[in-house]
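**Student:** Got two chains here, separate frames each, mind docking them using the hints?
Protein chains in written order, with numbering that gives the first Met the number 0: chain A, 0 to 162; chain B, 0 to 563.
Simulated from the structure, these hints should not be mistaken for lab results.
Be careful, since some hints might not be right.
As the list claims (entries may be wrong) - A few chain B residues that face chain A, going by a derived Cβ cut-off under 8 Å, partial list only:
1) W296
2) L313
3) T380
4) A479
To be verified - According to the in silico footprint, chain A covers these stretches of chain B (three or more CB under 8 Å from chain A):
5) 279-290
6) 454-467
7) 541-555
Ideal Cβ placement from N, Cα and C applies to all residues, glycine included.
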Amino acid sequence: MDMPRYERIWMNIGIGSLIIFLIILGILAFGMGIHPPDSLEQTANPETIDIYPPFDQPGVYQTGPNEYEVIMTSFIFSYEPREIRVPLGAKIHFKATSKDVVHGLYVPNTNINLMLVPGHVTEYTYTFDEPGEHLFLCHEYCGTGHQLMQGRIIVYDPENTST
Amino acid sequence: MVNTKRGFGSSLVPLSDFSFEEPDRKLILYHLGFAFFVLFLGILAGLFQTLQRAGLITLPVQLGYYQLLTAHGVLLALVFTTIFIIGFLYSGVAKTMDGRLVPAARVLGWIGYIMMVIGSIMATYAILVNEATVLYTFYAPLKASPTFYFGLALLVVGSWISGAGIFTNYGSWRKRNKGKESPLFAFMAVAIMILWIHASLFVAIEVVFQLIPWSLGLVERVDVTLSRTLFWYFGHALVYFWLLPAYVYWYVNIPKIVGGKILSSALPRLTFLLFILFSIPVGFHHQLNEPGIESFWKYLQVVLTMAVIVPSLLTAFSLIGTFELAGREKGAKGLFGWVKKLPYGDARFFAPFVAMVIFIVGGAGGVVLASYQMNSTVHNTWFVTGHFHMTLASSVVLTFFGISIWLIPVLSKRKLTPFMNRLGIIQAIIWAAGMVLLSGTMHIVGLLGAPRRSSFSTYGDHEVALGWIPYYYVIAVGGALLTIAMLLFVYMAFHLMFIAPRTDRVIEYPIGEVYEKAQRPPKILERWSVWVGLSILLSIIAYAVPIIDMIQHSPPGSLPYEPW
Ligand SMILES: [Cu+2]
Ligand SMILES: [Cu+2]
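Next comes chain B alone, as it looks inside the complex (with noise of 0.2 Å):
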């Protein structure tokens, strides 16, 4: 039973009384809640680092600046995400399947999320006690103590489990529902949860069979550049493990949100399956300026880098399709006009919304960092850095702030009030301008030349290196900005959680429809050991030759260094 009455900005905003059951409820909740703690680490540790960088504040000795920034990347970049996204899925799949999850499903989730704290905890814990000052990368033959690397392998097997979890779930839907096609979002899921395991697989065998025994002093020399390529196998499709939860979100829970319709049930599903095939085999071109690689198989990796514009193009148009009937339908004329008709009131679209504009932005950024020969005037400059900050921290973020907004208050039986609304559009506003201060400067300043991953330094007050100051001051200023945004958030997730007024028709969670007119999605989308094997072939092409080279021909190994 829905009821609908009018809300914020021009948007409807429906209750209904459906609810979590309580073991849902109980592991969604945890993980947020996990997640939320650690954003707020992570986004401080990021606040004293743009301070260092400007020449600001002294850090501590016992507290140095690439500690920090290993602490900011693994907290935001693997741990924050990775226990979000799961959350978010995990919710969705009981959603879209049958209201809750079967019993397998959550036992699968709970054994996932408790590998995944610890594990983040060990990796947090030997990042703090100095042990482990290798950035998220954790390039060899830096080394850092046994503890980091098993605890990144406890993270990365337990959201293995967590994905189990949700294949179990999704087999069991299928089962007993013969013939029907699955839930967008459960489909969408499961396709997040292969092109995750696939990848991290390879960042697995790199921690377990190649740094942990060298870590613990069992063999003496690790080759460099084989785990450097292990490790973008991965590296790269962990960017799209970002991106596509927010994908799902603007697929399948804002058409409902705007009074939309999802246009096709097909599309949505390629889309995915492509962006599986299109985002693994594709890692050498974060290592275009590295020897060791013959030149053949980096431009091959290009070219296949390139194809995920493929699915971004089909995602755009869908988008704004949606956007556009929806528009329509409220009354919206002439060629644009649909666009004033948008609830930019709504929180729950308001953010996502300015992220979508944003991704147009970093996404075209993507395309000179993978260009064979473009890539050498900004790699490894801050032109990076801004760039997965406008991608992940802006688009991916912002989106995962929408989803919060009412999530939050669907588990704790809590109303949505119209001043939290409020209080969301300004969060986003203010996380929407830091991170275009931060990265907007980052992109310009690494143009100009500034390193990424680089303490404060005049180097030796070099003209150039003195020009790119001014610009780290416009930094730190995003930085404090976000540090703000971030704390208001905290404050809303609080509120939202803990005191707004109980009540037993809570928001809606938002599930779009599929057109009426949309042909069914054909059998073959939903033949997963077709794309499995695809993905596992396109790998092969990409990959076997090149890796079977590096264990050929390797070079003697390097031992182990401990430089901070």
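Excised from the complex, chain A in its bound form (with noise of 0.2 Å):
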């Protein structure tokens, strides 16, 4: 086909860049494990699943020296737990799903940003490095309540200890 020699420059240096820049993401990605937000892991029946484990008990728990799983469950218009409290710089591995429609789990300026879809099982791995009350919210149109859906994630500092 007849390109002229600069569209080929062009075209060489646009598909280089390219490729240099998927390759990065899939070093990102498969080299050191960033990832976003996924698992295969399903659920029963999403209206049942407060009567299995683990979504019976929605909560907080220490796993690790300084690892947390935070259990989670979403429904329309709100979510179980509402308030998280986890200790600065620890790990917090979220286990979340939704009971009924779509739901989204996402707290603002960080890469926690999950979709929450019934029947499946979202993971997402995380460490807060600021301390303070961070706001999570629903961000997948869930119905007529979908800007009331949110909570509170209060990340502590541990020496600190007034709390």
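**Tutor:** Encoded structure:
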């Protein structure tokens, strides 16, 4: 095909940088394990998840010296638990699902950005590096009360043990 | 016979005695008319959303924010675009293939049109009576009434019949012109309809086999992840279905307006074929943050998504090349002298030119969104909404304005007066300003964490959420500007259709000529079976395993919900 020389150069630079970019994404993903939220685990009927473990007892559980697991359910128009307390710098493993429609779990200004799909479990691990009261909210439209779905993650500094 | 006189800005506005045959004229006009009516309604819905979300107005109980949001999305993203695009494609196919449509194409065009209109009315009715507040993505297990889904199915199937009309016309022309290369416009129209039919087949499967039986109560549960996957199989290609007709105008019509040539007949064809290949097997980039899909497949589709950069770069090069040659022919000197020689005073060029500039920014935002990990910082925030208002609502729609300003008078056989041309430029400026304010601010506030698709909320007065509110005011100002631009456009369309002076020698339907030294496109480019086959093959590679996995390991499924 008739491609002028300058176009050839332009395309080679473009395609070359694209390939480098994709390799970087690939190394981050499969070399360093940085993936978006995921999991292939499933639940029973979404409406009855609260009679089977682990979602029969949503809450925050310590699983290691500096590791926590957050078991969370979402439903029209709230979450369980709605308040999560974790120490600064701890590894927090989220395990969440929905009892009805699709919801979201999003903590603004972090990479905690999960879709909660009924029938599936979504998992994500995150470490907070800033203390304070973080807002979490639903970012997938779920009905008229969607904008009310929210909660707080309270990250406390264990050095400052006044709490 | 074409006679030329000095016209708007530095461009030539040739008049010609070409006119569409009456049946073609009517068919195209009906498409445009309905599309503009829908555009009007959809933008009004958008205005009220921006005001409500900023907390500036309270909506009546009978008409909620999410209902308006559904109407806005369905009317603009699905109905307006589809019907306008098909109307425009029919016009160019008729113009470049003997100046008329073959009778069979006309019949198919009308059947498709009527089905699309009935389907749109059904879906809109369901939204207005509050039986379908599911947004335009209609994610299960939110359940709309069967009327909504039947309406959507009619819209999609109608568009296939319109597509069949384009194929018929093209096939008939090729039979009558053995051995000739097909007109570029018609080639592109065929490519767009192939892309559209391939992709929308899967949303039709979702609607007809999953959602309709479930909505009617014939089956109890629906597989949510499968339905989302089928939707996004279609959803990203939908974006290219919007964009490619704008590219047609940039590639084929604009060279004529700027007084340049189409540099190559082969590369634009190759570009469109690459878009067919790389806009379908990529839907997972909309599902990166959800469970039930293995990481490997998500990443693979990210790679395929990014491959669209290749035809995009080809497009950028050839458009700039066309502009440069046109400028140099007018005596431009130096490396960038040609930039000054473009006909900025001509609305047919100005609006799409602004569209192209905005598209560079919009495209860059798209790379962020599709980047496997980076997506987590912005997924489902207002950044996403900003992105497609910058690409679709700015670049594509501005191009459609640029098309309308000459296409309407060609069809109404009236004069495109210098006054209307000037109004067209003002209208494009107001629209672009409104859209840059609206979508630029959406990008920023999205980076600050504001979620998309959300009614007014301060989230219990959390400081982060309170910080978003000033930006919402700016977005509302953008919405107001857009409404003004829209009203101006409605006035212009009405004027050009019914009021402007009648004439026998209407403005020319601009079709660019291919550069004399360009080679003939290789035959393989027009062997559609090869490209359709490749497109199917890529989809199988990207989707077969994950979809079979989904079906084999499907969870129990979800009951229907109507939480509105
Ligand atoms: Cu929600
Ligand atoms: Cu996409």
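**Student:** For the hint on T380(B), does the least C-beta distance to chain A fall short of 8 Å?
**Tutor:** Holds, because the Cβ-Cβ distance from T380(B) to chain A comes to roughly 7 Å (cut-off 8 Å).
**Student:** Hint A479(B) vs chain A: min CB-CB distance below 8 Å?
**Tutor:** violated, 22 Å
**Student:** Taking a Cβ-to-Cβ distance below 8 Å as contact, does the stretch 279-290 of chain B have at least three residues touching chain A?
**Tutor:** That given contact holds, which follows from 5 residues of the stretch 279-290 of chain B lying within Cβ reach (below 8 Å) of chain A.
**Student:** Would you say the stretch 454-467 of chain B counts as covered by chain A, given the rule of at least 3 residues with C-beta under 8 Å?
**Tutor:** holds (count 8)
**Student:** Mind taking a look at whether chain A covers the stretch 541-555 of chain B? Criterion is 3 or more residues with CB to CB distance under 8 Å.
**Tutor:** Answer holds; 4 residues pass the 8 Å Cβ test.
**Student:** Is the hint on L313(B) kept, meaning its closest Cβ partner in chain A is under 8 Å away?
**Tutor:** holds, 7 Å
**Student:** Double-check W296(B) for me: the hint is only fine if its C-beta lies closer than 8 Å to a C-beta in chain A.
**Tutor:** violated, 11 Å
Against the hints set out earlier in the document, violations occur for numbers 1 and 4.
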